[in-house]
Amino acid sequence: MTGLLDSLGLAQSAELLSLSPPGWGGNLLRGLSHSLQIAFGAYALGLVIGLFGAYGKLYGGKVTRDLLAIYTTVIRAVPELVLILILYYVGSDIINKISAAMGGGRVEVNGVAAGIWVLGVVQGAYATEILRGAIQAVPPGQIEAAKSFGMPAFMTMRRVTIPAMMSFAVPGLANLWLIATKDTALLAVVGFNELTLETRQAASSTRAYFTFFLAAGFLYLVVTLCSGGVFARIEKWARRGQPSLKGGSR
Amino acid sequence: MIDFRSLMQPHRIVMMLVFIGIVVWCAFSLQWDWIPKYAPLALQGIWTTIWLLVVTVVLGFLLAVPLGLAQAVGPWYLAAPAKAFCTIIRGTPLLLQLWLLYYGLGSLFPQFPWIRSSELWPYLRQAWPYAVLALTLSYAGYEGEVMRGAFKGVAKGQLEAAKSFGMPRLTMFRRIWLPQAIRNVLPTLGGETILQLKATPLVATITVVDIYAVSSRVRSDTFIIYEPLILLAVFYILVAGLIALAFHWLEVRVLGTDRRTS
Chain A
22 MTGLLDSLGL AQSAELLSLS PPGWGGNLLR GLSHSLQIAF GAYALGLVIG LFGAYGKLYG
82 GKVTRDLLAI YTTVIRAVPE LVLILILYYV GSDIINKISA AMGGGRVEVN GVAAGIWVLG
142 VVQGAYATEI LRGAIQAVPP GQIEAAKSFG MPAFMTMRRV TIPAMMSFAV PGLANLWLIA
202 TKDTALLAVV GFNELTLETR QAASSTRAYF TFFLAAGFLY LVVTLCSGGV FARIEKWARR
262 GQPSLKGGSR
Chain B
30 MIDFRSLMQP HRIVMMLVFI GIVVWCAFSL QWDWIPKYAP LALQGIWTTI WLLVVTVVLG
90 FLLAVPLGLA QAVGPWYLAA PAKAFCTIIR GTPLLLQLWL LYYGLGSLFP QFPWIRSSEL
150 WPYLRQAWPY AVLALTLSYA GYEGEVMRGA FKGVAKGQLE AAKSFGMPRL TMFRRIWLPQ
210 AIRNVLPTLG GETILQLKAT PLVATITVVD IYAVSSRVRS DTFIIYEPLI LLAVFYILVA
270 GLIALAFHWL EVRVLGTDRR TS
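Taken in sequence, the protein lines are chains A and B. Using my numbering, the first residue of the first sequence is number 22, and each one after it goes up by one. Using my numbering, the first residue of the second sequence is number 30, and each one after it goes up by one.
Calculated directly from the structure, the hints in this document are not laboratory data. On a predicted model such as this, the values are computed, not experimentally measured, just so you know. C-beta atoms are modelled at their ideal positions from N, C-alpha and C, and glycine is treated no differently. Don't take each hint at face value.
Stated by the list, open to error - Listed next, with one range per pair, are the computed distances between beta-carbon atoms:
1. A:127 to B:281: 28 to 36 Å
2. B:220 to A:239: 23 to 31 Å
3. B:48 to A:163: 37 to 45 Å
4. A:79 to B:283: 31 to 39 Å
5. B:204 to A:192: 52 to 60 Å
6. A:85 to B:283: 31 to 39 Å
7. A:171 to B:187: 48 to 56 Å
8. B:283 to A:91: 46 to 54 Å
9. A:251 to B:186: 36 to 44 Å
10. B:73 to A:212: 25 to 33 Å
11. A:65 to B:283: 38 to 46 Å
12. A:91 to B:104: 43 to 51 Å
13. B:249 to A:79: 41 to 49 Å
14. A:193 to B:199: 33 to 41 Å
What the hints assert, rightly or not - Covered stretches of chain B (chain A as the covering partner; in silico rule of three or more C-beta atoms under 8 Å from a C-beta of chain A):
15. 37-45
16. 117-131
17. 168-179
18. 213-227
19. 261-270
What the hints assert, rightly or not - Covered stretches of chain A (in silico footprint by chain B; criterion: 3 or more residues with CB under 8 Å from a CB of chain B, positions within the stretch not fixed):
20. 101-110
21. 217-226
22. 241-249
Chain A on its own, in the form it takes in the complex (with noise of 0.2 Å):
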């Protein structure tokens, strides 16, 4: 192993990606868990704005229904950046607020937390639109069914309407996670030490720069690759028992 990585002239990125110190490959690691965690806290939060967002949109009163498209009208025209200082800003002072009104000093906003809470309204305005289609497609008569049996709303909810919308939300869902994961790259201009600042910190600590973004560059292609087929099974899975879309045209 040695031998093949001296021979292709690697052997100083292998040192300098190695995981114990004095390589920088766990940190990198300790980045990407930190970015996973925030992916995967953000696409949840913005999967349950996502569902009441779609149903506020479909059932609910006038004002709901135009509040909601303000939200994701807005949210989806402003870069992602400019959603994360706003919100990052908005949520520290009302925490600050809160903490001194109940008679506490500043409080220190965890990384992570912030980084859910911003990632998860953005991802929200997105999932809305994508859960709205779904419902859409689903048969209406299926949920009248549902309905005429005398179900309460919830029961229809769980029972028929998202097992039933699943197969048509999967692949906009598949594609909003990976804007999940490429997106916590964004916290690192606040500063948060996910996988790409800590990569710009050990690249320029050691000046090795391609070396470092083409590791990380290839850790985030290693999350998108997997999830990929992660999707492709669970879309198999929504869509069992119907026809294949092979072959048909839109």
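Got chain A sorted already, so can you dock chain B onto it with the hints?
Just chain B now, kept in the frame of chain A:
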């Protein structure tokens, strides 16, 4: 566009009054005295954002056409690299690509004396060529995938008809294949262009002074947090709206019908 009568419902009038109230409250109780001082810089920033957007969208699209074509009908030795390029660009964050190019290439170039003595060196020392390169490659990666579907989506009979008239391949591509492919993906292109607009503020992290960088400067100079950010968000919403309108106009022109009403 928006139906005027649909705005005149009671709850919408109330919401608009609330909105106007918020705007008036913002105008009077927030701090805006920094604007005159930073206005010239902001105008320059807006100009930087706009030309970055236009240049990278045009260049990226020109690059996306061969990428899509290679993936749709090319032989494997062209299709495989094109697909790999699109996968890598779409699978890694743009911020990482930007930093790889800026810090990576930026630290590599000075090691070669012939680059340092070349005519291009004054440009390569600045940040904007790297910003243009990264944004162009990113747009090309996403658009290459879109164009692949678009080229495949053109009906076979159209191309066979052109062939049977003895049309040369290049003419066929120029007159039939490309126009129909672009026509099919115009709505997608509009969305992708808005995404590209939202990607431009990343260039502020490599010291290009776009409008986002100006707002950061105001924030760090004056410690005013919300006002510049609100103005910045409004600016991006306006530009995104303009892009959507422009593509809507283009769709009506090209497709001849209004997609929303037909």
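**Study point:** Distance restraint hint 28 to 36 Å, applied to the beta-carbon atoms of residue 127 (chain A) and residue 281 (chain B)
**Key:** The hint (28 to 36 Å, Cβ to Cβ) is violated, given that residue 127 (chain A) and residue 281 (chain B) are roughly 54 Å apart.
Practice item. Return holds or violated for the Cβ distance of residue 251 (chain A) and residue 186 (chain B) against the range 36 to 44 Å. Key: With a Cβ separation near 39 Å, residue 251 (chain A) and residue 186 (chain B) satisfy 36 to 44 Å, so the hint holds.
Practice item. Given the hint of 48 to 56 Å, check if residue 171 (chain A) and residue 187 (chain B) actually sit that far apart at their C-beta atoms. Key: holds (54 Å)
Exercise for review: Could you see if the CB distance from residue 220 (chain B) to residue 239 (chain A) stays within 23 to 31 Å?
Suggested key: holds (29 Å)
**Study point:** Outcome, coverage hint (the segment 101-110 of chain A, chain B; C-beta under 8 Å; three residues)
**Key:** holds (count 7)
Review point. Is the gap between the beta carbons of residue 85 (chain A) and residue 283 (chain B) within 31 to 39 Å?
Key: holds (37 Å)
Practice item. Three residues minimum, CB to CB under 8 Å: does the segment 217-226 of chain A make the cut for coverage by chain B? Let me know. Key: It holds: at least three residues are needed, and the segment 217-226 of chain A offers 5 whose Cβ sits within less than 8 Å of chain B.
Review point. Falls inside 25 to 33 Å, the C-beta gap from residue 73 (chain B) to residue 212 (chain A)?
Key: holds (27 Å)
Check your understanding: For the segment 213-227 of chain B, do at least 3 residues have a Cβ located nearer than 8 Å to some Cβ of chain A?
Key -> Holds, because 3 residues of the segment 213-227 of chain B bring their Cβ atoms closer than 8 Å to Cβ atoms of chain A.
Review point. The segment 117-131 of chain B covered by chain A? Criterion: 3 or more residues, Cβ-Cβ distance below 8 Å.
Key: holds (count 11)
Point to revise | Whether the CB-CB distance between residue 91 (chain A) and residue 104 (chain B) falls inside 43 to 51 Å | key: Holds, at about 50 Å.
**Study point:** residue 79 (chain A) paired with residue 283 (chain B), Cβ distance criterion 31 to 39 Å
**Key:** holds (32 Å)
Comparing the model with each earlier hint shows violations of hints 1, 5, 8, 17; every other hint is respected.
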